[in-house]
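*Asks:* Chains S and V, in that order, are what the protein sequence lines are. Okay, so the first sequence: first residue is 1 according to the numbering used here, each after it adds one. Okay, so the second sequence: first residue is 1 according to the numbering used here, each after it adds one.
Any given hint might turn out to be false.
As the list claims (entries may be wrong) - Dumping the calculated DMTMM-like pairs for lysine to aspartate or glutamate here, alpha-carbon to alpha-carbon at most 25 Å:
#1 S:Lys155 with V:Glu154
#2 V:Lys143 with V:Asp27
#3 V:Lys143 with S:Glu17
#4 V:Lys143 with S:Glu183
#5 S:Lys155 with V:Glu157
#6 V:Lys143 with S:Glu22
Claimed, not checked - Negatives, chain S to chain V, calculated, CB over 12 Å:
#7 Leu48
#8 Cys86
#9 Lys186
Since the hints were derived computationally from the structure, they do not count as laboratory data. C-beta atoms are modelled at their ideal positions from N, C-alpha and C, and glycine is treated no differently.
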Amino acid sequence: MDDAAGIIAVMAKDTSEAARQERASRPLPRRGLERLDLMLLCLEALDLNGGEAMVWLSEHLGYGPLFPNRVELWKRRCHNPLRRICRRGEVPAPETDALIRILCVMADRLYPMLRSLLSSSDPEEMAQERWDLFQRRLADLIRERMNPRRSGVQKLLDPQEGAGQRLQLVQGLSLCAGNGGFERIKASLMDAVA
Amino acid sequence: MIQSAAMKQRLVFDQLSCRLQVDGLPDVSIGQSGTALGIITGWQLQWVGRPLLEGRREHLQALMQVVLPYARHLISGVRRDFSVAGEPVDIGPHPEGGHRLLLRSSQPDTPPLEMRLDDAELADLVRVLDLLRLDPRLQLPLKVPDPEPLGPRELMERIPLHRRLTAPLGGAAVLAVSAALVLLLPPPARPPLPSPAVPASQESVPGSPR
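Hey, can you work out the whole structure from these sequences and the hints?
*Replies:* In structure tokens:
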């Protein structure tokens, strides 16, 4: 009886391990690519040299063979369906994993800024100024790169209607910062479409 | 006794609003070295301007088992309560904004402690828990559920119930009103009965002069 239970437990473990590996090798859905690119865009809004930092981090983390130059990095991000110039097709899992790692490391570096946006202990005026600055920079980047005819872009640009989505993006970045956030954000980007 | 004191390990993880301190010993029975922490003897979580939390390994694991899945769901925009049956920690959205962390003491007659955290404090808590579970010096398994992608049903929870029900209820109402209006329409007039057949001799022949 114990042997049978042990065999069942081992089989269940094998099945869950296989499911985990299968999930890890699955490419991100379009909605996940959209959110990943928007989160990278938020980091660029927080860090004026964010684009350069991404390229540097890509080399520093050993993703040179995947993204040999900034154009290759940009081409992967252009799979976001909200982009002005949108690429079709899937991005292979190793490349999206590399982008997620870059996101987590950048969020870790910029964590103090993310935290200051989320903190309720600072005076209201100061917090509002920070959000206004972030929103302005993000809106500039969105106007420059995204397709303004898409309703998702219009909503994100709207000061009132897009506030919730911007807060969710910043909160997501704060919760995925560092090594521990990789699995969390990857699982979230793999979510089904509601 | 001297050897035990020398082997005692302390891991400290700092963030702006909180500090997690874990005390323990290496488990020499399985050959762990002096810098490893294989047995947790106690832990403390200090918050700025809040009561000190402390407990045993089980409490730390219970804290991880609810806080980390809650954070994972928040990234997807799903805000719901997390608790494990029989465990002393609950977490969920606070009705007035922020997050509600509820800690139940194992001491009798001690009321549960409720803490309200803002988004920054929650992120700090998640970071110290991440730093602890990924620290190579911690060499004991802390069971934490693996983050999983959410299904459509779970994602629906982020949309308030009244908004979820608006479309189907509106559709049903429109259908009912349309059906009622159709029922109010008068039935179409009956077509006139066919006239009796005319004898063939009286029929005019096409093309013949009248």
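*Asks:* The structure should be examined with respect to each hint, and the outcome stated for every one.
*Replies:* We went through each hint and held it up to the structure:
1. S:Lys155 with V:Glu154: Given pair lysine 155 of chain S, glutamate 154 of chain V holds - Cα atoms ~24 Å apart, limit 25 Å.
2. V:Lys143 with V:Asp27: Holds, because 18 Å separates the two Cα atoms, which is no more than 25 Å.
3. V:Lys143 with S:Glu17: holds (16 Å)
4. V:Lys143 with S:Glu183: holds (15 Å)
5. S:Lys155 with V:Glu157: holds (21 Å)
6. V:Lys143 with S:Glu22: holds (22 Å)
7. Leu48: About 23 Å separates leucine 48 of chain S from the closest Cβ of chain V, which puts it past 12 Å; holds.
8. Cys86: Its Cβ never comes within 12 Å of chain V, the nearest being 23 Å, so this holds.
9. Lys186: violated (8 Å)
Violated hint for the displayed structure: number 9, the only one.
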